[in-house]
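Student: Chain by chain, the residues:
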Amino acid sequence: MNITGLKKSIVPEEVGHEMYSLIAELYPICRSITGDGYRQTMGILQRHVPLVVHEVPTGTKVFDWVVPKEWNIRDAYVKNSKGEKVIDFQKSNLHILNYSTPVHRTFSLKDLKEHLFTLPDRPDWIPYKTSYYKENWGFCLSHNVLIHLEEGDYEVVIDSTLKDGSLSYGELYLQGESTEEILISCHACHPSLANDNLSGLSLATYLAKRIGSVPHRYSYRFVFIPGTIGAITWLAMNEEKTSKIKHGLVLSGIGDRGNVSYKKSRRDMAEIDLVACHVLQHSGAAYEISDFSPYGYDERQYCSPGFNLPVGRLSRTPYGRYPEYHTSADDLGFVRPESLGDSFDKVLAILSILENNRTYINLSPKCEPQLGKRGLYSSIGEDELAMLWVLNFSDGSHSLLDITERSGLEFNSLQGAAHVLSEHGLITERLK
Amino acid sequence: MNITGLKKSIVPEEVGHEMYSLIAELYPICRSITGDGYRQTMGILQRHVPLVVHEVPTGTKVFDWVVPKEWNIRDAYVKNSKGEKVIDFQKSNLHILNYSTPVHRTFSLKDLKEHLFTLPDRPDWIPYKTSYYKENWGFCLSHNVLIHLEEGDYEVVIDSTLKDGSLSYGELYLQGESTEEILISCHACHPSLANDNLSGLSLATYLAKRIGSVPHRYSYRFVFIPGTIGAITWLAMNEEKTSKIKHGLVLSGIGDRGNVSYKKSRRDMAEIDLVACHVLQHSGAAYEISDFSPYGYDERQYCSPGFNLPVGRLSRTPYGRYPEYHTSADDLGFVRPESLGDSFDKVLAILSILENNRTYINLSPKCEPQLGKRGLYSSIGEDELAMLWVLNFSDGSHSLLDITERSGLEFNSLQGAAHVLSEHGLITERLK
Amino acid sequence: MNITGLKKSIVPEEVGHEMYSLIAELYPICRSITGDGYRQTMGILQRHVPLVVHEVPTGTKVFDWVVPKEWNIRDAYVKNSKGEKVIDFQKSNLHILNYSTPVHRTFSLKDLKEHLFTLPDRPDWIPYKTSYYKENWGFCLSHNVLIHLEEGDYEVVIDSTLKDGSLSYGELYLQGESTEEILISCHACHPSLANDNLSGLSLATYLAKRIGSVPHRYSYRFVFIPGTIGAITWLAMNEEKTSKIKHGLVLSGIGDRGNVSYKKSRRDMAEIDLVACHVLQHSGAAYEISDFSPYGYDERQYCSPGFNLPVGRLSRTPYGRYPEYHTSADDLGFVRPESLGDSFDKVLAILSILENNRTYINLSPKCEPQLGKRGLYSSIGEDELAMLWVLNFSDGSHSLLDITERSGLEFNSLQGAAHVLSEHGLITERLK
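Protein chains in written order, with the working numbering: chain A, 1 to 432; chain B, 433 to 864; chain C, 865 to 1296.
For reference, chain A alone in the conformation it holds in the complex:
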């Protein structure tokens, strides 16, 4: 069994349910770009796949950036003058402005309000906000709670620490036949947000788990990193490895009920771009393809001009196009096992083509070889057409995907034809 077989053998919705369970388990943890919540998350993933957790010390220079101090938090609340907790981190870790410095002081409502963040347009939802690179503290809450806060003094407690430590990230390398790599990247720094980023985290984990169980041509490198600073740190620490990356996918926001969308790499016509577009165009479902732009998730870093890696991004509804994005409404009800399973299936479809998209050389290029004497000619059916296409275009400059696009036949047919022709010594894979 290979990855193509894997794709055929899985039942997307079943995998979707497994992925959903992992999301549910990870959901309550308060993650940030550093700290114990991140480590705890990696620990749970390690029960599924043997990922290695790397620690990069505070102060490490990573290109134009510096690894920040480590943040940890135990508790945080705001009590009114009656001693009632009107905001309580224990109820939702979104209540705390992520990376808030420690505080224990009493404020008037007016002064307190300068540190409170709400969404007046969505008065029931708690926003998700961070202040990683500017020391600050604050609380996020629903607007409906804010407007009912009465005048008076409020005790503010933030039991957090911000001090030298390290940035953690998880990495898993699955050795394939070739040392050429496919990079799968997801960010794992968000607290209780289900679609962004637990869906990507869960998909990457199950993908690693399944791919680890079958032989494969490419080596696969999975990175579970904090957004932005994590990608920058990984690239800075692993710059020499990037030349091995032949294809890559950033996975994020792949659990909502929207259509699958693919954002091309900066190269625009990299093989991953051609393959992902092919899969979506032939999926039978609605989809969206967008050109590269230099904002979004960690493709920003992989596709910075100094790297320009062939890394695209697979999502469902693109971030910022659903109102639940970066709010408490991106919860366990917002992601669906069916969507997770479908995303998983499409990633496998992409990988299956990448694994098999070889370029061949016709060893009998002058006129057609006589298929009949080899028992390969029955009557003209799709199989024989596929053989003729592969023979004619296997001149070393057309991959099977190129021939698929040109012929209008199925990739699987051409791959099957190539297999048969190769076994009969009529074509051979092009050496690079």
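You may find that some hints are simply not true.
Stated by the list, open to error - Every beta carbon over 10 angstroms from chain C, so not counted as near; a handful from chain A, in silico:
(1) N2
(2) K69
(3) A285
(4) R374
Claimed, not checked - With beta-carbon atoms standing in for the labels, derived distance ranges:
(5) E1293(C) x V214(A): 48 to 54 angstroms
(6) E861(B) x G284(A): 53 to 59 angstroms
(7) G1076(C) x R267(A): 44 to 50 angstroms
Just so you know, the hints here were simulated from the structure itself, not pulled from any lab data.
Positions of the beta carbon are idealized from the N, C-alpha and C atoms, including for glycine.
Please build the complex by placing chains B and C on the supplied structure of chain A, with the hints as guidance.
Tutor: For chains B and C alone, coordinates are given in the frame of chain A:
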């Protein structure tokens, strides 16, 4: 008179009637990929054009193939128990499975039926079937006859031979000013089928006849070959000549009432492709252009990747898209003199542009030359525009056809302008 | 203040009115490709801008052409037998066939008519006709006047001279930071025709006047030349200077009420083509873009294959597409201050982008630089997006205009972002 003059001088329908007569003469002969029917056909063509008939012995290795044994047939029939011939080769040579081995035996109806081929969907038509590379015997008949065959014994006689001999093909070379060649190829291996392949055979013959009567720039090579094995044999025996082939056309199925269709060469943008598309696009009649695909007629061999010759195919309704294809309904009523004449006219239109599609160098490239002092400037009319276009784009990288496409003017106008400018020493043909 | 500032500071309609006044002042003068009317015109322009007037002697060889004799005219009329002037040059200089040789003779109506030109379809208009290179004489008049001429003798007087002299043209060079040049060319040889060519003349003059008042990156060369022979003469006398021309515009017919139209240079994708198309596409007004063709105005010469300069043409309604073209109806009522001002504004828009369309190198190309620590990151707004686009695509092969097209952002935003990033040392301009 040159080929352009030839095109102007012919009356397509008159040529169409001549072509039709030749088709009618050739129609009754039982041809196959080898044998005396083939030689007899070449003999008739030799009354029109001085083609040379080559014989390639059985067993000759031609790339991945071997020249097969020679097949000849004198008679074949099936008699019922009353001694009546229920299937009779003398009535139609399509009745015999082409390349049937000799038989003289009695069969029950049940056993006989394993060797009978019909078209249940077209119960009045006899199918055309062959078994060149797998020894077998059989009869083709209309389904209506089959279903009325009664139980009983049937005497089967096939008076054929299949033994060492040779494969024949005809070739005609018309020397032009240049040793660069235009290849015209048609297959001549089908028995009583009028459109496929007698129409192509007849068109090629009349083309050779007419072109042979005028001076021409290119040399022309006409090959009258058995399908597939003939093209492969010709390429194997003449590999060193192929580098001279600058343009080529496979002619087949050009006598039915459908629109003219052109199938591009594998190069997709070869000059023959550009010219043929230009002619069809400006013909004023409906047409069809299709991309190269590695099945069809002998363009499969010419466009195999080891040759990749600039050879397209001109047909009317593409094979397999008319129900009469490879049946007794592809008869003398299926081809029409008007269609044959129109196809002839379009081939001449293509050749006329190829002959004249030169690339020039403006000898006065800085600013416009003063046309007025040479008497070339009247008022702005198409002639002067054509001169300005030719002057401006004759930088050595635009052919007259390129300039035609860019300007929207007629090729003839630009050719005329180039002629005048050349005579006035303002442009000169680019040496290769 | 630079050219961008200039564009912002002008009120198009005000400039349009100034341009209109200059047109009105120049309108009555009888210009031709040589002679005192041309010199008088240059003299009026010199009151606005310090252009240098060059004189090239009759007989000078300029590529395939020769500078013609100089033509001057004082008076011309046709008197009927009653001594009434039925055609009078003093009423309109269009009445004289431009370059008419001197005549003083009496003709019968029949003989006279061979020298009379009218527009039967536009019976009230006087056509504009010339005979520069074939000695002749004649009068142009309205068809309504022609048909009322009675039989009888007519005295014809043409008080002109055609003798050795010189061809005059005006030239103005505005030195910029760079020695690379932008060429602005207009023809100035037409007599009382307002749109063709006084509108172009006036626009070029006001452009020179305004650009001369601000610093600019490119050097600007304005040429005020007689059509065709003037462009050829200028190119012949200044061939060595043409390598400095990086962009150019021919301005003609830019005062009518039609939409702005741009005709591409022969290079098709020269920077001037991309910029002009961008400006028109984003102008919010209807426009027309056409491919290069080798007829029209002096772009014919600049874009002849031996020069192939990146020179496009800006017009409003293309010549020959309005019936007033080359007739007395192309008068002061045919051009409008609003149109003139709008054309002026669009030329400045084009020049503003050309001036600022630099290509940068990201000095921190591996991952994104940390904008926040430099105070450049607020929240995601257009400014930050523009910075990300400039950073990501500043790899030395994308100009700001390229990034504009790809991002869909405004050129001004990207130019502003580039300015800020450059000041922070994050990007640097690419040296050529």
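Student: Decide, hint by hint, whether the structure agrees.
Tutor: Hint check:
1. Every Cβ of chain C is farther than 10 angstroms from the Cβ of N2(A); the closest lies at roughly 35 angstroms, confirming the non-interface assignment.
2. With a cut of 10 angstroms on Cβ distances, K69(A) stays outside the contact zone with chain C, its closest approach being about 15 angstroms.
3. The beta carbon of A285(A) is kept farther than 10 angstroms from every beta carbon of chain C, the shortest such distance being approximately 27 angstroms.
4. The claim that R374(A) is not at the interface with chain C holds, since no C-beta of that chain comes within 10 angstroms of its own (minimum 49 angstroms).
5. In this structure, E1293(C) and V214(A) meet the distance hint of 48 to 54 angstroms, their C-beta atoms being roughly 52 angstroms apart.
6. At roughly 56 angstroms, the beta carbons of E861(B) and G284(A) sit within the given window of 53 to 59 angstroms.
7. Evaluation of the 44 to 50 angstroms hint for G1076(C) and R267(A) yields a pass: the beta carbon distance comes to about 46 angstroms.
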